[in-house]
Amino acid sequence: MKILLVIELIALTAAAAWKHDWFALAAGVLIPAVALVRVLLAWKKERRTAIVDVAVVLESFLLLWQLTTSNRTLLDPVLFPTPEAVLRLFFRELKDMLHGMFSSLYLLGVAYALSLATAIPGGLVVGSSPRLRNAAEPFSKVLSAIPPIVYIPYAIALLPSFKAASIFVIWSGAFWPVFVSTIAGVVNIPETLLDSARMLHLGKRTFILRVLLPGAMPSILTGASLGLVFSFLLLTAAELIGATEGLGWYVKNFSDFADYARVVVGIIFIGIVITAVSAAFKRIEKRILRYKEAVQ
Amino acid sequence: MNDTPLIELRDLSFSHAGEQTLAHISLSVAASEFIAIIGPSGCGKSTLLRLVSGLLMPSSGEVLVGGKPVTGPGLDRAMVFQDYSLFPWSNCQDNIVLALEQARPDLSRAERRQIADDYLAMVGLANCGRKLPGELSGGMRQRAAIARALAMNSPILLMDEPFGALDAITRARQQDMLLEIWQAGGSLKKTVLFVTHDVDEALILAGRVIVLGVCPGHVAADVPVDLPRPRSRGNSIASSQFRELRERLLHELDSAVARQLEAAQENQEGSGI
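Which chain is which? The protein sequence lines are X and W, in order. First residue of the first sequence: 1, per our numbering; consecutive thereafter. First residue of the second sequence: 297, per our numbering; consecutive thereafter.
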């Protein structure tokens with residue numbers, strides 16, 4: 001693999017130097033250099049191998065992209081911008097995209113918080129009573145099976161503003177996975193743990209907050225992470241349809257103007273934002289479930 | 297204390313899913329008695345304890361605690377389970393503090409913490425208050441569970457095979473610890489119902505052993521254990537009196553198991569043809 005990387009490095013830099021392509025020259029030097037530094041810093045052999053592999057794939061992708069787009073007769077330059085053009089645009093558009101990001105994350109944050117705030121207490125109460133559980137099951141089965149995307153046009157027509165509509169749609173997308181997994185989490189709390197809680201004679205409130213909630217937490221977090229994925233899906237879908245700002249709107253807007261370089265930039269930026277939010281979620285999840293690592 | 301029993305089971309029966317697990321059990325337990333309940337597996341000894349705890353309700357008959365019928369779990373009874381009874385997401389101190397919030401609402405937060413630490417120290421876990429149950433060995437977890445039950449200050453302690461999952465040496469040490477704590481109670485000793493399947497454990501700890509028979513569970517024998525107190529594993533297990541009692545209990549258990557096998561065979565013959 002290392003040999004492949006070296007061959008690529010030479011090919012890319014040679015091609016770049018020949019064509020006075022400073023971007024490719026920088027990429028051809030920068031990626032292997034970063035990979036080399038990280039390999040030197042990594043302790044484990046598997047980790048080192050992984051870093052080299054990732055660098056090779058990234059390098060190959062960039063090389064292919066560069067070679068196919070730099071020759072302007074091979075691919076339509078309107079549809080396939082060069083990596084250099086994308087990178088330049090990325091920095092030029094960063095301010096606008098950050099503005100869009102805040103608009104999107106605001107909608108997402110409100111709607112997602114709303115769905116957690118309704119689904120978790122609801123799931124804890126419904127999950128702790130077999131009667132409520134049986135009553136809720138047919139509804140949650142049917143309603144959670146409807147893809148929330150189909151609500152979008154109706155919600156936009158029904159609700160006074162686009163913001164309200166998209167918050168409703170995101171809420172309904174994130175609500176069901178969290179609700180269903182909260183119920184499952186409560187049902188799966190070991191019976192001995194519940195018995196021991198009963199023997200402590202805890203009050204209803206304490207029992208829900210100190211036993212049911214932490215007991216169901218692993219399952220709740222699984223549902224919440226699925227809900228987050230759904231939220232992003234619905235957020236961008238809603239923005240594609242009816243927004244006047246935000247990340248989804250950014251992509252849609254420039255594709256209407258056939259400015260596909262900005263479309264690609266927007267897609268890459270959305271990928272970065274979602275990856276960052278998911279990573280933050282994973283960290284929080286790991287912190288909440290820290291006690292599980294202690295098990296001998 | 298007067299002569300009325302602290303715990304009284306009156307003609308207690310329990311059926312679950314059409315099968316009778318306990319039939320016509322009557323038993324009186326005076327305050328400060330240490331009673332072991334032994335029997336072959338499937339005799340319903342854990343069910344009996346759950347009926348006293350209020351986690352289960354009898355099909356007929358009644359359980360009286362302090363003269364009043366049991367309608368559910370109460371703060372006058374604390375329970376130690378075989379395992380997995382501490383909340384794994386809270387450290388040992390918080391586990392006990394949570395129990396005290398309901399049992400001792402008069403105390404401040406700092407006082408509850410102090411009591412938690414005191415009881416942890418009593419079971420030999422002085423510096424483990426901040427440890428999560430998952431960070432402790434099985435034996436230490438059981439000590440913490442015992443500390444929690446003791447901290448609740450209930451006059452009655454129900455123990456459902458608390459040392460059943462421990463290795464022999466850990467179990468012996470825990471038995472000595474429990475004896476020490478119980479005997480230190482003086483005239484305010486707790487009333488203990490201790491379920492076990494281990495004859496030696498029953499004899500080392502208890503002042504009276506109830507042997508449960510099977511099919512359905514019933515009181516097969518009620519054996520007083522007159523071994524001298526204060527007792528410890530060391531000063532009891534080697535005596536001739538201990539050996540005689542052990543022979544007798546093993547005999548009772550053996551005949552209970554034999555009857556269980558006979559009954560199972562009869563059932564098979566009956567349904568086989």
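Worth flagging that the hints you see were computed from the coordinates, not collected in a lab. Glycine residues also receive a C-beta, built at the ideal position from the N, C-alpha and C atoms. Each hint should be verified, as a subset may be incorrect.
Covered, in the sense of this in silico footprint (three residues per stretch, anywhere, with C-beta under 8 Å from a C-beta of chain W), are these stretches of chain X [stated by the list, open to error]:
(1) 78–88
(2) 206–212
Cβ-Cβ distance ranges computed for the label pairs, FRET-style [as the list claims (entries may be wrong)]:
(3) K44/X to R405/W: 21 to 31 Å
(4) G460/W to I208/X: 26 to 36 Å
(5) K204/X to R405/W: 40 to 50 Å
(6) H547/W to K141/X: 53 to 63 Å
(7) A326/W to L114/X: 56 to 66 Å
(8) H312/W to K204/X: 18 to 28 Å
(9) T300/W to F139/X: 46 to 56 Å
(10) V39/X to D414/W: 46 to 56 Å
(11) F139/X to R555/W: 25 to 35 Å
Evaluated hints:
1. Evaluation of the coverage hint for the stretch 78–88 of chain X: breached, as 0 residues show C-beta separations to chain W shorter than 8 Å, against a requirement of three.
2. Chain W is given as covering the stretch 206–212 of chain X, and this holds because 3 residues of the stretch bring a CB closer than 8 Å to a CB of that chain, at least three being needed.
3. A hinted range of 21 to 31 Å is violated for the C-beta pair K44/X and R405/W, which are about 45 Å apart.
4. Against the hinted window of 26 to 36 Å, the Cβ-Cβ separation of G460/W and I208/X comes to about 31 Å, which satisfies the hint.
5. For the hinted restraint 40 to 50 Å between K204/X and R405/W, the CB-CB distance of approximately 21 Å leaves it violated.
6. Taking the beta carbon of each, H547/W and K141/X are about 58 Å apart, inside 53 to 63 Å as hinted.
7. For the pair A326/W and L114/X, the beta carbons lie near 59 Å from each other, so the given range of 56 to 66 Å is met.
8. In this structure, H312/W and K204/X meet the distance hint of 18 to 28 Å, their C-beta atoms being roughly 27 Å apart.
9. The hinted range of 46 to 56 Å is satisfied by T300/W and F139/X, whose Cβ atoms lie roughly 53 Å apart.
10. Between V39/X and D414/W the beta carbon distance is about 55 Å. The supplied range of 46 to 56 Å therefore holds.
11. At about 52 Å, the CB distance of F139/X to R555/W disagrees with the hint of 25 to 35 Å.
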